[in-house]
Amino acid sequence: MEDELLIFCDHLFKKYPGTDWVFKDASLTIFRNQFLFLLGSSGSGKTTFIKIISGQEDYDRGKIIIQNNDFRKLKRKNLHLWRRSLGIVFQDFRLLWKQTVKENIALPLIILGCSKNEIDMRVKAVLKLVQLEDKEDVVCKYLSGGEQQRVAIGRAIVHSPVLLLADEPTGNLDDKHTKNILELFYTLHARGISILIATHDKRLPIAIPDCRTVMIKDKRFIDVIPVPKSRTS
Amino acid sequence: MLRFLLHRAVRNTLSSFSAFVISSLCLGIALFCATFYVEREIFLNSLVPTWARETKALVAISNNATPKQVEKVKAILKVSKWVKSFSQIEQAKAWDRFLKDFSHLKDIAKDIDPIYIPLIFEVTLKKECLNSSGECSEFFAKLEDIPSVESVFSPLPWIRRIYIWFELFQKGALFFALFLFVCAMVITLLGIKLSFQASKREAYIFDILGASSWFIKLPFYFQGTFIFCVGLIISFAGLYGFCEKIIDCASITDVVNLFFVISALVFVCEVILIEFTVRFLRISIRKSDDLWVQ
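Taken in sequence, the protein lines are chains S and G.
The opening position of the first sequence corresponds to residue 1 in the working numbering, with each subsequent residue numbered one higher.
The opening position of the second sequence corresponds to residue 1 in the working numbering, with each subsequent residue numbered one higher.
Only chain G is shown next, with the shape it has when bound in the complex (with noise of 0.2 angstroms):
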């Protein structure tokens, strides 16, 4: 019987074919941009590179700050809830590593004396600085106005640019995700409802001879099965080969987890979909008299 079942699965599948490829891929793309949705820590992790996940800004201080000064400096960062970490560079260290950076200028530079560099904390931020960036420039701007601080570096404005693009393509991303699924399940009816009523006569044949209602649905539940087997399919194709080939993830199966909690979800309401669908259809061949009419 489920040979018999299959059969008429594969082929329903074949005769809506072109309904078929398309629900697939639709639901294959539904899949990969719902699951980069959900999983937007790691993907975000894995695009950003390290020096912009741990952001660090330059806070220098100038040449004539009095020891108590750098004292009030150290004590802000030290208390600011922006500030995850901070250390002090070290003059002649400094000085060692740009010599080493640019080489070329060493003539130039063979004259002067370190003492003139200023004294520079290199302050890691938080992360919450990227997310609420507008406070944490604030907090970076009024440093700046303490007549000791020299100056203050900041990549902030950039990392908090990626950050807006990020999110913005995330949402796009569920948005064409959620897009995907409606197309998925409307062309996904339709290619049954072709097949239905491909085999309508069929169907009423079965009935009449005493089938049971799954050995009529069963069919058209292989059949969403087939589009979601290959969506599936698709999905976890593209998600590998953009994790591992692409954007080099740490590891493909810290995304799959809920990738296949999304599938099962996607799974349930495909076979309610169907459900409802053969059973609209069955009420009415019951009820047509035309069937049979050449």
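Chain S with its partners taken away, still in its complex shape (with noise of 0.2 angstroms):
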């Protein structure tokens, strides 16, 4: 299970009109199963890897396969099916600001289509998973910042995806928040979902263990060992 093939970037190459490379000849093996952070400074390209990924945004060079298809065909006809088989955690989480936290969860289950029994079995599952149950009725504008990131994270997971995209999912929480959010990544992993989590924080790889950390350096990615800032000094 672990050595199965999810996504394979070869040697990419991405451009912003008017801007430098964002990659540069950049490979990358995703399997499933796997816990991923990808490690990277402010604008080194963390969110562009997610984007294209995600199929919103496209690529000038190189090759993406995914699971066995590739990538610039299944955009063109199946892009829909791949997303429903993703689950986005946005940075700025990006939730209907004026529907329910209910209402948020289920979205992904009534997209897939769903009956309303098995939205209402899942969507409860979720928010004890989140630890969201006594607020499913609260508008979402209302909810705190830490409150609305496990909304996200609970809209990413309750369809089962494959593959949790998360970007800099603790980049506006404290440290306490950042380790409720990082446990609950890790209960994930565990039921068997694929995670890749973007951020700058070279600190969340070390909390969680087994994990594989990528940098993107010199437009490139390059696996690392992170090691704890005690060990370094």
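Just so you know, not all the hints are guaranteed correct.
[Stated by the list, open to error] One-sided and incomplete, this derived list gives chain G residues near chain S with beta-carbon spacing under 7 angstroms: (1) M1; (2) G210; (3) A211.
[Said to hold, decoys possible] The calculated label-pair distances, taken between Cβ atoms and stated as ranges, are: (4) G/I233 - S/P17: 48 to 54 angstroms; (5) G/H7 - S/A190: 34 to 40 angstroms; (6) S/D70 - G/Q197: 31 to 37 angstroms; (7) G/Y240 - S/D70: 56 to 62 angstroms; (8) G/H7 - S/K176: 35 to 41 angstroms; (9) S/E133 - G/Q197: 33 to 39 angstroms.
Everything labelled a hint here was simulated from the structure, so no lab data went into it.
Idealized CB from N, CA, C, for every residue including glycine.
The two chains are supplied separately, each in an independent frame; assemble them into the complex guided by the hints.
In structure tokens form, the structure reads like this:
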């Protein structure tokens, strides 16, 4: 299970108009059931990579193979099917502010065409997992940042995705909430979801045992082994 | 899922309610006018009284005309392309009718001998006579010039005038229908654009979460269908009221056959318009990164 190929980026090139290369000959392999941290400073291309993988952004050269399918071909016809197997947690949450927690979390299930009973059952289970059982009928704009973050995670996992993409999921959170969110990700990983977290915080990979860490450096992906600060000093 | 999409469609409709009302009205009136134009024969027949539909002229023969001359007039009427049929009004009958219709003139008329009443032919004109009244009038003018014919009484100029006005009215209805149809389409487009703008973040999220194109497009199709249905009800009510209550059509079912064909065409136009509008708007939100800038 561990070695099943999920995403293979081969010599990827990406450039925004009027800027320098974001990726230049970057290659990365992501296996199923992996917990992967994508480290990089601001502007290094973490969000761009998530956008490319989720089909929101195109790439200039190279090849991406997703579950043995060429991504360009997949994008033309079945992008929505690939997106259904993804769970995306945005840095700014991207919730429907005027909808309740329950309605937000239920969205992917409605899109999948699940029955009302199944939606109720799954949403209830996720609300329990993200510890928002008592907030299910609260409109999202009245939630705190940490709660909104958990709603976004709930929405991303409710349909049991193959891969969870999280863009700076702890960027707006304090240490206590960061710990809670990481624990939640770890629980999800234990349940069989592959996880890719893009972050600039080098401390995060240390908190997760047996995770893989990839750094974006010089427009390429480099596998690194995170070392606690106390050991380096 | 359908309930969710219908709910979104209702919400979209309410968010651009004024556009919804105006486009429905425009569409309704356009359908009414278009039906009026294509079913003009039925409306004309209902609007124009029976005497005008079967136009009749009277040809009075001079008292001193010989039987041979009378036969000649008969032969002319028989071969004329403008005459559908003709019959001779008997003098005695005509006299009785005169006395009946003008009973107050009985005292004056009692001394008149019916023999002095001219021989009259009642001529029923063909429909073509109304369409080319110039030539038809010329025919009657020539007929009047025959020495044995005393006079010709024809309502043709009046009928022709009614027809000209009606033709103008039809053209006006067609122009008005087209104008309102374009207005309805433009307002529908603007209404859908407004709704899409109001819910573009939702559309973006649905897209990211893996919604199919239909999932995003259907609420707008429903919105267009609501507009169409209200327009259809308005136009049908208008036609029914006009046909049954105002001009007394033979039957409303005669009118609605083509009405539904026109409605179906309008619906197809609306669907195509919505498809292109939503497709264009979806491309524009996919490209935009400022959706989440507060």
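- Task: For G/I233 and S/P17, compare the CB-CB distance with the range 48 to 54 angstroms and indicate the outcome.
- Result: holds (51 angstroms)
- Message: A closest beta-carbon separation below 7 angstroms is what the hint needs, so does G/M1 meet it against chain S?
- Response: holds (5 angstroms)
- Quick one: are G/H7 and S/A190 within 34 to 40 angstroms, going by C-beta? Holds: the Cβ-Cβ distance is about 37 angstroms, inside 34 to 40 angstroms.
- Task: Mind checking the CB of G/G210 against every CB in chain S and telling me if the closest is under 7 angstroms?
- Result: Status holds, d = 3 angstroms.
- Range hint 33 to 39 angstroms (beta carbons of S/E133 and G/Q197) holds or violated: holds (35 angstroms)
- Is the hint on G/A211 kept, meaning its closest Cβ partner in chain S is under 7 angstroms away? Given a least distance of 5 angstroms, the restraint on G/A211 holds.
- Starting from the hint 31 to 37 angstroms, judge whether the C-beta atoms of S/D70 and G/Q197 obey it. holds (35 angstroms)
- Task: Using the beta carbons of G/H7 and S/K176, state whether their distance is inside 35 to 41 angstroms or not.
- Result: The hint (35 to 41 angstroms, Cβ to Cβ) holds, given that G/H7 and S/K176 are roughly 38 angstroms apart.
- Query: G/Y240 and S/D70, beta-carbon distance inside 56 to 62 angstroms?
  - Reply: The hint (56 to 62 angstroms, Cβ to Cβ) holds, given that G/Y240 and S/D70 are roughly 59 angstroms apart.
In summary, this structure violates none of the numbered hints.
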